[in-house]
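Spelled out from the first residue to the last, the chains are:
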Amino acid sequence: MATEHSTERSTERATEPSAEHSFEDTREQTVDWEKVKAIVVFMVPGLTLFAIFSVGPMVYSAFGSFYAWDAFDLQHFVGFDTWIETFQNDAIINWDNLTSLEYPMGALPQNLIWMVVHVPLSTFLGLGLALLFADLRGRRILRSMVFLAFTTPTVVIGLVLLFVYDPQAGIFNAFLSGVGLEGQVRNWLQEPQIAIYALIAGGVWVQTGFSMLLYSSALAGIDPSLLESARIDGAGRYRRFRDVIWPLVKPVTAVVVIMGMIWVLRIFAIVYAAGGPSGGPNGVYSVLGLEVYQSAFSIPIRYGEAMVVALIELFIALPMAWYIASMD
Amino acid sequence: MTRISMRSVSKYFDGGDTVANYKLDLEVEDGEFLVFLGPSGCGKTTALRMIAGLETPSDGEIYFDDDRVDQDPPADRNVAMVFQNYALYPHMNVRENIEYPLKVRDVPPEERDERVAEVAELLHIEDQLQSDPAEISGGQRQRTSLARAIVREPSVFLLDEPLSNLDAKLRLEMRSELKRLQNELDITTVYVTHNQEEAMSMGDRIAVMNEGTIRQVAEPEELYRRPQTTWIANFIGSPPMNLFPGHRRNGSIDLDSGDTVPTKTETESDDVSLGIRPEDMVVTTEPPESEWSIQGTVETVEPLGEYVLVNVDVAGELINVKVPSTEVEPGTTVYLTFEPEDAYLYDGDGILVA
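The listed protein sequences correspond, in order, to chains A and B.
The opening residue of the first sequence carries number 13 in this note's numbering; numbering runs sequentially from there.
The opening residue of the second sequence carries number 21 in this note's numbering; numbering runs sequentially from there.
Hints in this document: simulated from the structure, not taken from any laboratory.
Quick caveat: nothing in here was measured; it's all calculated off a predicted structure.
Cβ coordinates follow ideal geometry from the N, Cα and C atoms, glycine included.
Please note that a few of the clues may not be correct.
For each label pair, taking beta carbons as the anchor points, the in silico distance ranges come out as [to be verified]:
1) B:305 - A:235: 53 to 59 Å
2) A:151 - B:76: 48 to 54 Å
3) B:242 - A:262: 51 to 57 Å
4) A:195 - B:83: 18 to 24 Å
5) A:235 - B:37: 54 to 60 Å
6) B:193 - A:128: 55 to 61 Å
7) B:61 - A:263: 41 to 47 Å
8) B:37 - A:167: 22 to 28 Å
9) A:147 - B:224: 34 to 40 Å
10) A:263 - B:76: 32 to 38 Å
11) B:258 - A:147: 39 to 45 Å
12) B:47 - A:262: 44 to 50 Å
13) B:224 - A:338: 54 to 60 Å
Not close to chain B: a few residues of chain A, all C-beta gaps over 10 Å, as computed [unchecked claim]:
14) 58
15) 109
16) 186
17) 199
18) 235
19) 238
20) 242
21) 247
22) 255
23) 260
24) 309
With the rest of the complex left out, here is chain A (with noise of 0.2 Å):
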């Protein structure tokens, strides 16, 4: 009885704001058929490039994965035989491997890992830089310097990791020779249940002076007062981090996490400069980028796979993308 009576009091409070809510739309409706076709004219534009641009070849390709391809032409309908054939293909899911965790497990697992791994060590990372550098002397310099990695080509990143892992010359090696770790000295980039570690490390280089950035400003952004209202209240470092930076800043963080996700879901260059088209031995860290690059640009070419392969990255994606959209 009470829940039933319950859910009559919040579907009475519901309806009474939509109604007023309506009836203020119908007025203005009336009132403003100048004002409607004055945002229609300014919106055709932008919505005519969004059509054609980002609808449109997202449609195209939702309805090209259900036909088979010779080469870039359209053949006859196949239904779900190319979506089937994807997930059976060991470089997308490599389901034998999978399920005894050894690297290669094919693109799709191997993204996800690259994302499970790599989104909490940047962001944390960004975060205690960006706390360590806040009251710090020369931390433009500092902050700068990290920052450096964002705005570096990400194919020049990839360089980058093929000269610091070169099991000759690489400062990798050296610096653990030099640290007395003489036994840990490896061919970093073509051990196959390690190379992908090797790699995730230099994106997060690369992102965490991204999410570093974010949190320095959402940091300057906390006003002074309460930290030191904090401090005398009683509330020790931790506590002033527990109880008043971290809340304040998760709007931030909310940010990082998903900007993380999407620039690993997109990440091409890095895996393609240090591995080849094939994202390593046996494509031991290839990443879905990288398969769409290799069914739609490699002999034998399959479209059609291209397609549910680019299809898959954006469902992961739109969530994400909606999240962020409809933050305040």
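Given chain A, put chain B in place with the hints provided.
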């Protein structure tokens, strides 16, 4: 129950280039309401922040009773502070804001509830406990901030211009509320303001500050009756005291305006200033018999309802006179007369002689 002692406390910034405070010596008695009064940038807020522990003195010592605290972090001093912008945590509701200092100090939840309810009632914000700080009015935010400060029964209560963000009516209301609260709780309180009305009405004693130092510490009445320097005389009162520069000669003073007034007071200094409060002067159009009069020309007349402010030009200086009512018109030559006991004499260094 804490007595605060500042002993020769100085604070420098930028490696000594900026002197915020220089050799402050001050005793705040247990349960006293002391006000730091001074113009913007006089170092009063820095002094307060040193008592709070948000700044460490460059020099000197601060004691709470007999414990030296100047190197302790704020958390160890059991002080509470109300900030000018209230500094309410925007992501917590009113209740959580008030509760926070107790939570940090691991007070058990039942006791927290009890104490929050108690202070909420004391400050009349029981109905706002579930609201966010952004939803409530300025006065309610102020009360929340006060509630958060007193909820854990601090030994010292510090307020940094807490009323300056409120509108005039609310400010008056909160002024008496604050005073009542301080009387009830009997906590040693240091209050910073640039508003002398606030200082005079609330303070048990007032420390007038200028250029980083304390110029005079006195009870409000005493500060008004006997401002020790020309600077304080010029600062206290609305409008402040009028000062007439002049020279002492044979038991009388030749004012720069040309008038001569007799004086009995002895001083070493030749250059002196005669100070008279606007409310202690009378405006007449006829030359008076009294020797204590100064001649001038009326510039403007400002009827303010409660009194009329007459601005008189005396030898290029604008002199303010407060009278209950007046007939004078701008341009009239007038004589400003006063009783000899209302006149203050300052020597060449601006120090009060009599």
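Evaluation of the provided hints:
Remark: the range hint 53 to 59 Å for residue 305 (chain B) to residue 235 (chain A) is upheld by a beta-carbon distance near 58 Å. Distance hint check for residue 151 (chain A) and residue 76 (chain B): the Cβ-Cβ separation is about 22 Å, which falls outside the suggested range of 48 to 54 Å. Take residue 242 (chain B) and residue 262 (chain A): their Cβ atoms lie about 53 Å apart, and the range 51 to 57 Å holds. Checked against the given bound of 18 to 24 Å, the beta carbons of residue 195 (chain A) and residue 83 (chain B), roughly 60 Å apart, lie outside it.
At roughly 27 Å, the beta carbons of residue 235 (chain A) and residue 37 (chain B) sit outside the given window of 54 to 60 Å. Judged by the Cβ atoms, the range 55 to 61 Å given for residue 193 (chain B) and residue 128 (chain A) holds: they are separated by roughly 57 Å. Hint check: residue 61 (chain B) to residue 263 (chain A), Cβ distance near 36 Å, so the stated range 41 to 47 Å is violated. At about 50 Å, the beta-carbon gap between residue 37 (chain B) and residue 167 (chain A) misses the expected band of 22 to 28 Å.
Residue 147 (chain A) and residue 224 (chain B) have their C-beta atoms about 38 Å apart, which keeps the hinted 34 to 40 Å range intact. Between residue 263 (chain A) and residue 76 (chain B) the CB atoms are about 34 Å apart, so this pair conforms to the stated range of 32 to 38 Å. Range check, residue 258 (chain B) to residue 147 (chain A): Cβ separation about 42 Å, and the 39 to 45 Å hint holds. A hinted range of 44 to 50 Å holds for the C-beta pair residue 47 (chain B) and residue 262 (chain A), which are about 46 Å apart.
One distance hint, 54 to 60 Å for the beta-carbon pair residue 224 (chain B) and residue 338 (chain A), holds here, with the actual separation near 56 Å. Every C-beta of chain B lies more than 10 Å from that of residue 58 (chain A), the closest at about 34 Å, which supports listing it as non-interface. The beta carbon of residue 109 (chain A) sits about 45 Å from the closest Cβ of chain B, which is more than 10 Å, so the claim that it is off the interface holds. Every CB of chain B lies more than 10 Å from the CB of residue 186 (chain A), the least distance being 42 Å, so the non-interface label holds.
Taking the minimum C-beta to C-beta distance to chain B, about 49 Å, the non-interface status of residue 199 (chain A) holds against the 10 Å cut. Distance to chain B contradicts residue 235 (chain A) as a non-interface residue, since its nearest Cβ pair spans about 7 Å, not more than 10 Å. Non-interface status of residue 238 (chain A) relative to chain B is broken: a Cβ of that chain comes within 10 Å, the nearest being about 5 Å off. Chain B draws residue 242 (chain A) into its interface by the beta-carbon criterion, the shortest separation being 8 Å against a cut-off of 10 Å.
At roughly 5 Å from the closest C-beta of chain B, the C-beta of residue 247 (chain A) falls inside 10 Å, breaking its exclusion from the interface. The claim that residue 255 (chain A) is not at the interface with chain B is violated, since a C-beta of that chain comes within 10 Å of its own (minimum 7 Å). The Cβ of residue 260 (chain A) sits about 6 Å from the closest Cβ of chain B, inside the 10 Å cut-off, so the non-interface label is violated. Residue placement check: residue 309 (chain A) keeps its beta carbon more than 10 Å from all beta carbons of chain B (closest about 50 Å).
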